[in-house]
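Peer 1: As a plain string of letters, each chain reads:
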Amino acid sequence: MAFEPVREMKKLNYDEMRIYSEAELKNYTEEELKSFKCKYEIPDLDELEKGPWPSFVSDTKQEALRRRKLSDDQMLIGRDVCEDMLGQLQTSFDEGETHWKHGGIVGVFGYGGGVIGRYSDLAEKYPSIAMFHTVRVNQPASKFYSTDFLKTICDMWEYRGSGMMNLHGSTGDLVLLGTTTEQLEPIFYELGHVLDTDIGGSGSNLRTPACCIGKARCEFACYDTQDLCYDLTQYYQDELHRPAFPYKFKFKFDGCPNGCVASIARSDMSFIGTWRDDIRIDQDAVKAYIAGDIVPNAGAHGKRDWGKFDINKEVISLCPTKCMSMEGDQLVIDNSECVRCMHCINTMPRALKPGLDTGITILLGAKAPILDGAQMATLMVPFMKAEAPYDNIKAFVERVWEFWMEEGKNRERLGELMQRVTLPKFIETIGLPPAPQMVKAPRANPYIFWKEEDVKGGWNRDINDYRSRHKR
Amino acid sequence: MALSKERLGRYNPEKPQENRLTDLGPRHFWEFFPPVIKENYGTWAYHDILEPGVLAHVSDSGAKVYTVRCGAARFMTVEHVREICAIADQHCDGYVRFTTRNNIEFLVDSAEKLEALKKDLEGRKFAGGSYKFPIGGTGAGISNIVHTQGYIHCHTPATDASSMVKAVSDELFEYFKGMTLPAKLRVSMACCLNMCGAVHCSDIALLGYHRKPPIVDSEYISKLCEIPLAIAACPVGAISPDKTESGLKSVKIKGERCMFCGNCYTMCQALPLSDKEGDGVTILAGGKISNRISMPKFSKVVVPWLPNSFPRFPEVVENVKKIVEAYAKGANKYERVGDWAERIGWERFFEQCELEFTEHLIDDYRLAYDTWRTSTQFKFTDAAWALSKEAGGIE
Ligand code: HEM
Ligand code: HEM
Ligand code: HEM
Ligand code: HEM
Ligand code: SF4
Ligand code: SF4
Ligand code: SF4
Ligand code: SF4
Numbered sequence: 001m002a003f004e005p006v007r008e009m010k011k012l013n014y015d016e017m018r019i020y021s022e023a024e025l026k027n028y029t030e031e032e033l034k035s036f037k038c039k040y041e042i043p044d045l046d047e048l049e050k051g052p053w054p055s056f057v058s059d060t061k062q063e064a065l066r067r068r069k070l071s072d073d074q075m076l077i078g079r080d081v082c083e084d085m086l087g088q089l090q091t092s093f094d095e096g097e098t099h100w101k102h103g104g105i106v107g108v109f110g111y112g113g114g115v116i117g118r119y120s121d122l123a124e125k126y127p128s129i130a131m132f133h134t135v136r137v138n139q140p141a142s143k144f145y146s147t148d149f150l151k152t153i154c155d156m157w158e159y160r161g162s163g164m165m166n167l168h169g170s171t172g173d174l175v176l177l178g179t180t181t182e183q184l185e186p187i188f189y190e191l192g193h194v195l196d197t198d199i200g201g202s203g204s205n206l207r208t209p210a211c212c213i214g215k216a217r218c219e220f221a222c223y224d225t226q227d228l229c230y231d232l233t234q235y236y237q238d239e240l241h242r243p244a245f246p247y248k249f250k251f252k253f254d255g256c257p258n259g260c261v262a263s264i265a266r267s268d269m270s271f272i273g274t275w276r277d278d279i280r281i282d283q284d285a286v287k288a289y290i291a292g293d294i295v296p297n298a299g300a301h302g303k304r305d306w307g308k309f310d311i312n313k314e315v316i317s318l319c320p321t322k323c324m325s326m327e328g329d330q331l332v333i334d335n336s337e338c339v340r341c342m343h344c345i346n347t348m349p350r351a352l353k354p355g356l357d358t359g360i361t362i363l364l365g366a367k368a369p370i371l372d373g374a375q376m377a378t379l380m381v382p383f384m385k386a387e388a389p390y391d392n393i394k395a396f397v398e399r400v401w402e403f404w405m406e407e408g409k410n411r412e413r414l415g416e417l418m419q420r421v422t423l424p425k426f427i428e429t430i431g432l433p434p435a436p437q438m439v440k441a442p443r444a445n446p447y448i449f450w451k452e453e454d455v456k457g458g459w460n461r462d463i464n465d466y467r468s469r470h471k472r
Numbered sequence: 001m002a003l004s005k006e007r008l009g010r011y012n013p014e015k016p017q018e019n020r021l022t023d024l025g026p027r028h029f030w031e032f033f034p035p036v037i038k039e040n041y042g043t044w045a046y047h048d049i050l051e052p053g054v055l056a057h058v059s060d061s062g063a064k065v066y067t068v069r070c071g072a073a074r075f076m077t078v079e080h081v082r083e084i085c086a087i088a089d090q091h092c093d094g095y096v097r098f099t100t101r102n103n104i105e106f107l108v109d110s111a112e113k114l115e116a117l118k119k120d121l122e123g124r125k126f127a128g129g130s131y132k133f134p135i136g137g138t139g140a141g142i143s144n145i146v147h148t149q150g151y152i153h154c155h156t157p158a159t160d161a162s163s164m165v166k167a168v169s170d171e172l173f174e175y176f177k178g179m180t181l182p183a184k185l186r187v188s189m190a191c192c193l194n195m196c197g198a199v200h201c202s203d204i205a206l207l208g209y210h211r212k213p214p215i216v217d218s219e220y221i222s223k224l225c226e227i228p229l230a231i232a233a234c235p236v237g238a239i240s241p242d243k244t245e246s247g248l249k250s251v252k253i254k255g256e257r258c259m260f261c262g263n264c265y266t267m268c269q270a271l272p273l274s275d276k277e278g279d280g281v282t283i284l285a286g287g288k289i290s291n292r293i294s295m296p297k298f299s300k301v302v303v304p305w306l307p308n309s310f311p312r313f314p315e316v317v318e319n320v321k322k323i324v325e326a327y328a329k330g331a332n333k334y335e336r337v338g339d340w341a342e343r344i345g346w347e348r349f350f351e352q353c354e355l356e357f358t359e360h361l362i363d364d365y366r367l368a369y370d371t372w373r374t375s376t377q378f379k380f381t382d383a384a385w386a387l388s389k390e391a392g393g394i395e
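First to last, the sequence lines map onto chains A and B.
Its first residue numbered 1, the first sequence is counted upward by one per residue in this note's numbering.
Its first residue numbered 1, the second sequence is counted upward by one per residue in this note's numbering.
Please keep in mind that the hints were generated in silico from the structure rather than gathered at the bench.
Backbone N, C-alpha and C fix where the C-beta goes; we use that ideal spot for every residue, glycine too.
Among the hints, a few may not be true.
Label-pair ranges, simulated between beta-carbon atoms [to be verified]:
hint, chain 1, residue 1, chain 2, residue 2, range
1, B, G392, A, P442, 35 to 43 Å
2, B, E325, A, K451, 52 to 60 Å
3, B, P16, A, P434, 48 to 56 Å
4, B, R257, A, D94, 31 to 39 Å
5, B, E325, A, G110, 29 to 37 Å
6, B, A386, A, N445, 30 to 38 Å
7, B, S110, A, E406, 55 to 63 Å
8, B, E325, A, A288, 31 to 39 Å
9, B, K276, A, E30, 32 to 40 Å
10, A, E327, B, K125, 51 to 59 Å
11, B, P16, A, D391, 45 to 53 Å
Construct the complete structure from the given sequences, taking the supplied hints into account.
Peer 2: Shown next, in the form of structure tokens:
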């Protein structure tokens, strides 16, 4: 099988696109690197070069040295940008306070997001980072790359920016950290014309969607996470680039209830793969697990001796619904009671597989604590088929957006709006019937807001009529 | 097409609309899949974790792909990315991928290539001595710590991110390289309550937190901000209008009401919060995102505040290790930190992790009552005896 992009893409060939020659890419020696000293005293950062975990300080020094040795015409922003960043970081440690100024509205023409403005408040001391804006590059779904793409980004970014980046930012973008206002448009043009790619979202718009690895390499995936992520990202380009929402809005796509991109905690609209038929069982493989011929959980516990695998203890009695049992040597699952938690499948993946009639569960309204406390996403649609061109999913997205754009206050996330208008009102407005699946339990208080039309005879009553039956 | 070396590249400031390409969206994922992934897309049958950090996935057709997962600082320079590319060019036909938790994954299609790749990766170190590509992060262990910007790029942090993550990761390295825990343990870090990265559902979350109300830049606030917006930004109504002596419009803050969320500063730059003594770190524990066995749950605050001891945060490291070690010892196989805490009871959790329980840990925000214990079911720990004694119940 194969997927097609929505339009023809430019071919990428680093050798045709590059800025730096091989010699320039190897412009320092091991010895020079070992004896490199930052132009500022940075004792706390030097300390962070020790220990086994990859040191971002050691990495930054590599780039600092490289920039020192590049010729003037091979970079457009300050040569000392890496050293200035390290210097300011040390100052921040000394003073226990950040030295980045608040905001600064910069961007590219016609877009309302994708660039975060940033200025140092120590510009005299660290002039190369006086302006240090970030550009969010929209990552390809599930973050596979060709080296032609990455190497070209590196050349472009070393030439027009600081050479420092995040792979990746928390939402998923490839984040380029640190450039000047002047270079924002040129960078945008290079990304578009040469790399045939776009920047991501920031501000009150659709944020860059992200997905798990899904069917590319995971047997648990219940739908094509990459394809749905790519499709919706392309379809909603306008919403992504031009802020028209009350606040940010995030889509994330998990292929199964294991939730590897954490959509249930991090997205206003969370799409999680699921199935509605039966878990597939290979009884021979069940026997092989019981006999100890296959290690449980694909070897995830391999470095500690947990004793012999015990299907009763490790699978059947841990099933949250107790819907599994052994009948003789056959494993039986009462699928109508299964809540698809993935435990048995994770533990005996060769014996058990998700069903074949797959789709998605949609949950709404997750957010971080600002303002009213953290929220996890609430179940809204138990099951929806997820097949291209995904018209049913888009129709649902737009039903939710329509209400949110009408009712949402400035800087109100969807989850907060749902709390403010209440869940009963919310589902009524977007046209969904109430279902016990939406709640963990029914309410414990009887303070039901009955509407007048719910009550026979309405609310208008006559006190004289009442008094005719009850003396004062 | 070559990258431009013109100062303004292909952009013409006289005619900003000229040749402007917009709404291209991301590049399509399919072109970035290595052949073995394309050929076996959607037909993966099973996988094995061969050793920590090394996965073998087998498809219905019997084809195999081996993945080597490497830890990484998500902050990288182009030098490091070029080195990643050189490795991918040499061993992986020019493809590489990154996981949601910022690990680097190198994929090869044969066991021979796998050995050569591993050897190459393990041999690479930074000049300062740390590994460039430590292999691990799979199964019942600790994967890469996801984090936010901190002092490297943001204006609101209450602590630094990259340094704390480096310090904690150094100390948890054996758990990254091993699969010795009862289940996976996810550590996340955010440098302020905005939580870019949403750490609130992690087994262990490290969170930068302010403890001093904002300072009002009274002489400038009316020039820099929309005062009504700043007032409305406060979720607890701690901000009210005020006038300076010179008669300028300003605001005042009721310190005893403030919960140090920083939302006012997000809306108005004349209300900065950060402070050397005020700022520090909160630790939360017991959250999860997976639906496996139990439902996803929020992390709970277990250490109210620790100082920002740059650069190695020894107090944070010590408390994290206490939790990890008590969990490793006490939890059943498959039990996540939160499931373990709920089974043994949070009173026992504090005892086993040797964490102090203070009044800060009892909820007093909205819906606080949900967390109060309305039952006679509890366990006797030292805290229970101390409480009973204080109430006059025992000598
Ligand atoms: C009200 C809540 C939030 C506010 C006010 C906020 C504010 C900010 C600010 C000021 C930055 C700039 C940091 C820099 O200088 O690079 C930023 C970056 C970012 N934020 Fe948020 N943020 C919030 C919540 C979130 C959440 C919940 C997420 C993700 C789930 C998120 C994802 C990001 C990402 C991906 C970045 C880019 C830098 C990074 O990856 O760390 N933000 N945010
Ligand atoms: C707004 C809600 C409620 C109000 C205003 C209310 C009011 C009252 C009043 C005035 C009495 C005293 C009656 C009397 O002995 O003269 C009473 C008794 C009682 N209420 Fe409620 N009540 C409420 C809700 C509840 C609920 C939700 C429960 C149980 C779950 C409850 C259980 C009782 C019981 C057990 C008695 C004692 C009856 C007895 O003496 O046998 N009440 N309540
Ligand atoms: C090409 C195929 C596969 C790849 C690349 C793959 C990859 C992975 C990775 C990266 C993890 C570790 C997740 C983490 O700790 O962050 C993992 C765990 C796991 N995989 Fe696979 N996998 C594959 C196939 C399979 C198959 C076929 C099964 C079962 C039949 C399976 C079952 C599991 C289970 C149960 C876990 C353990 C999750 C846990 O630690 O609780 N995987 N796999
Ligand atoms: C018990 C729960 C979980 C199980 C059984 C599980 C299982 C898996 C499996 C099988 C994979 C392999 C996919 C592949 O690479 O082929 C995987 C990947 C991954 N998991 Fe999980 N997972 C669980 C929970 C989590 C959680 C809670 C997180 C993060 C908070 C997480 C983060 C990841 C990441 C980052 C990957 C790499 C895939 C990607 O980047 O898209 N997992 N997991
Ligand atoms: S969410 Fe499910 S389908 Fe997606 S990578 Fe994780 S385990 Fe696989
Ligand atoms: S998926 Fe979960 S609920 Fe369903 S049978 Fe397996 S363990 Fe039980
Ligand atoms: S968590 Fe807070 S301090 Fe950290 S990057 Fe996000 S907004 Fe900035
Ligand atoms: S920090 Fe938060 S609680 Fe305190 S004044 Fe500002 S908005 Fe209000």
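Peer 1: Does 55 to 63 Å hold as the CB distance between S110 (chain B) and E406 (chain A), or does it fail?
Peer 2: Since the Cβ atoms of S110 (chain B) and E406 (chain A) sit about 57 Å apart, the hinted range of 55 to 63 Å holds.
Peer 1: A range of 45 to 53 Å was offered for this pair. Does it hold for the Cβ distance of P16 (chain B) and D391 (chain A)?
Peer 2: violated (36 Å)
Peer 1: For the range 32 to 40 Å, tell me whether the beta carbons of K276 (chain B) and E30 (chain A) fit it or not.
Peer 2: Given a distance of about 39 Å, which is inside 32 to 40 Å, the answer is holds.
Peer 1: Falls inside 52 to 60 Å, the C-beta gap from E325 (chain B) to K451 (chain A)?
Peer 2: holds (56 Å)
Peer 1: Given the range 51 to 59 Å, decide if the beta-carbon distance of E327 (chain A) to K125 (chain B) lies inside it.
Peer 2: For E327 (chain A) and K125 (chain B) the Cβ distance comes to about 56 Å; the hint holds.
Peer 1: Take a look at whether the Cβ-Cβ distance between A386 (chain B) and N445 (chain A) falls inside 30 to 38 Å.
Peer 2: holds (35 Å)
Peer 1: State, for the Cβ atoms of P16 (chain B) and P434 (chain A), whether the hinted interval 48 to 56 Å holds or is violated.
Peer 2: holds (51 Å)
Peer 1: Given the hint of 35 to 43 Å, check if G392 (chain B) and P442 (chain A) actually sit that far apart at their C-beta atoms.
Peer 2: Between G392 (chain B) and P442 (chain A), where Cβ atoms are some 41 Å apart, the hint holds.
Peer 1: Per the hint of 31 to 39 Å, is the separation of the Cβ atoms of R257 (chain B) and D94 (chain A) within bounds?
Peer 2: Check passed, 32 Å falls within 31 to 39 Å.
Peer 1: Do E325 (chain B) and G110 (chain A) keep their Cβ atoms within the hinted range of 29 to 37 Å?
Peer 2: violated (54 Å)
Peer 1: I want to verify a distance hint. Is the separation of the beta carbons of E325 (chain B) and A288 (chain A) within 31 to 39 Å?
Peer 2: holds (35 Å)
In this structure, the hints that do not hold are numbers 5 and 11, in rising order.
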